[in-house]
Each structure stands twice: as C-alpha cells, then as structure tokens.
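J.: Chains E and H, in that order, give the protein sequences.
Per the numbering used here, residue 12 is the first one in the first sequence, and the count goes up by one each step.
Per the numbering used here, residue 126 is the first one in the second sequence, and the count goes up by one each step.
FYI, nobody ran anything at the bench for these hints, they're computed from the structure.
Any given hint might turn out to be false.
These stretches of chain E come out as covered by chain H in the derived footprint (C-beta under 8 angstroms, 3 or more residues) [unchecked claim]:
(1) 59-69
(2) 84-98
Counterexamples of contact, computed for chain E against chain H with all Cβ distances above 12 angstroms [what the hints assert, rightly or not]:
(3) 23
(4) 32
(5) 39
(6) 40
(7) 48
(8) 79
(9) 241
(10) 242
(11) 246
(12) 271
(13) 273
(14) 296
(15) 302
(16) 310
(17) 311
(18) 323
The beta-carbon is built from N, C-alpha and C at its ideal position, and this holds for glycine as well.
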Amino acid sequence: MLKAFSHYVTYSLLKLDNGTRLSGAVEFFIYDTIKIFLLLSVIIFVVSVIRSFFPPERTKRILSHKREFIGNILAALLGIVTPFCSCSAVPLFIGFVEAGVPLGVTFSFLISSPMVNEVAVVLLWGLFGWKIALIYLGTGLLVAILAGMIIGKLKLEKWVEEYVYTIKSLGMAAEGARQTFRDRLLYARANTREILQKVWLYVFIAIGIGGFIHGYAPDDFLARYAGNNNPFAVPLAVAIGVPLYSNAAGVIPIVYALMEKGMSIGTVLAFMMAVTALSLPEMIILRKVIKIPLLVVFVSIMTVTIIAVGYLFNAII
Amino acid sequence: MEIKVLGPGCANCHKMEELARQAVKELGAAADVVKITDIGQIAMHGILSTPGLIVNGKIKHSGKPLPTLEKVKEMIKSEA
Numbered sequence: 012m013l014k015a016f017s018h019y020v021t022y023s024l025l026k027l028d029n030g031t032r033l034s035g036a037v038e039f040f041i042y043d044t045i046k047i048f049l050l051l052s053v054i055i056f057v058v059s060v061i062r063s064f065f066p067p068e069r070t071k072r073i074l075s076h077k078r079e080f081i082g083n084i085l086a087a088l089l090g091i092v093t094p095f096c097s098c099s100a101v102p103l104f105i106g107f108v109e110a111g112v113p114l115g116v117t118f119s120f121l122i123s124s125p126m127v128n129e130v131a132v133v134l135l136w137g138l139f140g141w142k143i144a145l146i147y148l149g150t151g152l153l154v155a156i157l158a159g160m161i162i163g164k165l166k167l168e169k170w171v172e173e174y175v176y177t178i179k180s181l182g183m184a185a186e187g188a189r190q191t192f193r194d195r196l197l198y199a200r201a202n203t204r205e206i207l208q209k210v211w212l213y214v215f216i217a218i219g220i221g222g223f224i225h226g227y228a229p230d231d232f233l234a235r236y237a238g239n240n241n242p243f244a245v246p247l248a249v250a251i252g253v254p255l256y257s258n259a260a261g262v263i264p265i266v267y268a269l270m271e272k273g274m275s276i277g278t279v280l281a282f283m284m285a286v287t288a289l290s291l292p293e294m295i296i297l298r299k300v301i302k303i304p305l306l307v308v309f310v311s312i313m314t315v316t317i318i319a320v321g322y323l324f325n326a327i328i
Numbered sequence: 126m127e128i129k130v131l132g133p134g135c136a137n138c139h140k141m142e143e144l145a146r147q148a149v150k151e152l153g154a155a156a157d158v159v160k161i162t163d164i165g166q167i168a169m170h171g172i173l174s175t176p177g178l179i180v181n182g183k184i185k186h187s188g189k190p191l192p193t194l195e196k197v198k199e200m201i202k203s204e205a
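Extracted from the complex, chain E is given alone in its bound form (with noise of 0.2 angstroms):
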C-alpha cells in the first residue's frame, strides 16, 4: 500500500518520467520517509510506555547490591529502557554507588543506554533491514556487559572521586508511583513527540542521502579504501568516532552514506557505536565522578570491544 502511495505521488502527482534517476529517488524517497516515521512513532510509543515501567529510581533498585555478571546482563538491558540523557549521568553515577549497585554494573548500564535505543533500531531496521538493527542491538548490549564486567573485575572502586562516597541520600521517597494506564500513554506521547522532535531533521538528511546521492558517486569509493581488505579501517573508523559526539540519530545520516559507499558492516558498526557510546563532552562529565585513570581504562576498553565487534563483522558477513 506504501508503495502504490509513493508511486501514486510520483508518477501522477508530480507528473515525473517514468523510468528517470530522478523520478525513482522521489519515489523511493518517498516511500522511505514514511515507512521510517511511521515505524519510530509507533516503536518509539511502544517503548515509551515500557518505560513508564522503569523509572530510574526503580532501575537502581532493581541493580543495588546484585551480584556481577547477572547485574551486568541486567543493567545492560535496563539500559535500553530506562529514559536517560547524559546531563543526568552524574546524579545517576551518584545514585547508583550509594544505592550499592557495583561500579562494573552501573559502567554497563552507561554504556547501553546511549548507544542501545529504540531510535538506533529502528533506524537502522528501517534504513538497512532488521538483520543489521538486530545485530546491533546484540553486540551493542554483549559490549556493555564485556565492558562493565572487565571494569568490575579490575576492582577500581579507588578510582572514583571519594565525595561520591560521602554522599548521603536524604532518603525522599518518590511520588507518583501509582500511575493510571492513561498517564503512561499520556507520557508516552509526550515522549515520542520530544524523540521525533529531536530526530526529525537527521532521518531527512539520512533518507536524502540514500534517495539522491544514491547512483550518483561510485559505489566503491570508499570500499576501495575502507572495505574488507584494509585490516586498519576499523580501528580507524573508531579513532574518528571516539572524540565525536552525537546521538544515535545524528548519525545515521553519516552511517546511511558510508554504508551506500561501500564501507563494510562491521566498520560501519563499529564506527557508530564509537560515536554514541564514547564522547568528549560525556568524559568531562564524568570527570566530575570518578578519577583520570578510570577514565582512561574506561576509554580504552570501550575501544578495544568496539573494535574487536568490527573485525569480527567484516570476519562473518
């Protein structure tokens, strides 16, 4: 039905030549646009009222004092779900050591919740087919849990600032736990209105880049220099991607048109989860709670996973 729409709009609307490069980028663009924010709206509404379900303060309870691995499993997964924007990485780092949840669980939960989303997934699913959304979905989780459970078996509860430690919860309870049905959908609305408030712009680009400069610059440009047989694409890719900072949606555009060029998957993959797991501005966030050193062993094992999910992509697709 989508596609009788966008051919509708094309040929009898617009009136343009059947059959024309033109033409077929409308179309296609089109029909894009509308699958994708017919899929976010719906798939972001899904999970927002999932979500009602696991405020923060519910998640920190759920984490405090579980034991590793399992904890790391969990956070990860909660990660996906529970609303988080790395303004609020701090309090929630405070949050989360007072409330006894491990270091190596709370690391796991920073880093799934960014880079893991329903706006990555669908994105993805929407752009390049549900096996690489799922793919993603998987090794982005299996990096949060490897790299959260390598920080909790470091022991490097030394490294963070000590006045997170002399924080003391006042002990307020939250209110408003009693939620009705209607104030879940009602929020969830609200919340996928701000999402695609904030998306919008970036998934235009994305589906831009695949309707226009599709056919236009050789398909193998950068397979040529990125593909399969350059052994240092992907430590390349994440190099570039560590000190950039964007959300999941702001890089797709740049994803969508590396992919179109030939890069392959797995330093496509890699290069995206660099961008939405590791910034800049989110290390001098955290720099307000744990020390230089845990930065930096932080740092370098986000960097070496991501690295080792890249090769071993390129390796079995």
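Using the hints, position chain H against chain E.
T.: Structure of chain H alone, referenced to chain E:
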C-alpha cells in the same frame, strides 16, 4: 511551602523552573521556589534524572519529558 527545582542548568531545567514559578503565581500559593544546581546536592535529594521537582520534601517529578503547567499546579495543590 517549599518548592525545589533541581538541575545542573540544562535548557529543560530552566523550563522546569519557569513552570514552577508560573504555577505558584497562578495558584497564588505562598511558596518559595529554590533552584538547586549542585550535582552532589541533586544526587543527595534522590534525583536520578534531571530536572527534578520537589514539593515539601516529596519528589513530584524527575526527568524528561517535562510535566504540563496543569500537572505542576496539581502537584503543588496536593501539598498545600
């Protein structure tokens, strides 16, 4: 009545403060609106995602999206 708005200074935290002040004005409530920006203080109050709103020592809201003006009024009225 004491109303605390907690946030390190992001755009949404400013909006939250405006909402709280607007609500107090429209209700004609006798309340002080205090802004807390210190991260340690915010964490101490049990706020995990900013901005937070505390009325008379009870956490009424935390995180995004922000509540509507009507909601904020209700939160304040319930403590009056």
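J.: Each hint should be assessed against the structure and marked as holding or not.
T.: Evaluation of the provided hints:
For the stretch 59-69 of chain E, the stated coverage by chain H holds: 3 residues have a C-beta nearer than 8 angstroms to a C-beta of that chain, and at least 3 were required. Residues of the stretch 84-98 of chain E lying with their CB closer than 8 angstroms to a CB of chain H number 4, which satisfies the three-residue condition for coverage. The non-interface label for residue 23/E is consistent with chain H: the shortest C-beta to C-beta separation is roughly 40 angstroms, beyond 12 angstroms. Distance check on residue 32/E: its Cβ is at least 42 angstroms (rounded) from any Cβ of chain H, clearing the 12 angstroms threshold; non-interface status holds.
For residue 39/E, the condition that its CB be more than 12 angstroms from all CB atoms of chain H holds, with the nearest at approximately 33 angstroms. Against the 12 angstroms criterion, residue 40/E stays outside the reach of chain H, whose nearest CB is about 30 angstroms from its own CB. Residue-level check passed: residue 48/E sits 19 angstroms from the nearest beta carbon of chain H, beyond 12 angstroms. Residue 79/E, annotated as away from the interface, keeps every beta carbon of chain H farther than 12 angstroms; the closest lies near 21 angstroms.
Even its closest Cβ contact with chain H, about 41 angstroms, leaves residue 241/E beyond 12 angstroms, as expected for a residue assigned away from the interface. With a cut of 12 angstroms on Cβ distances, residue 242/E stays outside the contact zone with chain H, its closest approach being about 42 angstroms. Chain H leaves residue 246/E outside its interface by the beta-carbon criterion, the shortest separation being 34 angstroms against a cut-off of 12 angstroms. Every CB of chain H is more than 12 angstroms from the CB of residue 271/E (nearest about 33 angstroms), matching its label as outside the interface.
No beta-carbon of chain H comes within 12 angstroms of the beta-carbon of residue 273/E; the shortest separation is about 38 angstroms. The Cβ of residue 296/E sits about 9 angstroms from the closest Cβ of chain H, inside the 12 angstroms cut-off, so the non-interface label is violated. No Cβ of chain H comes within 12 angstroms of the Cβ of residue 302/E; the nearest lies about 16 angstroms off, and the non-interface call holds. Residue-level check passed: residue 310/E sits 21 angstroms from the nearest beta carbon of chain H, beyond 12 angstroms.
Listed as a non-interface residue, residue 311/E keeps its Cβ farther than 12 angstroms from every Cβ of chain H; the least gap is roughly 26 angstroms. Non-interface status of residue 323/E relative to chain H is upheld: no Cβ of that chain comes within 12 angstroms, the nearest being about 34 angstroms off.
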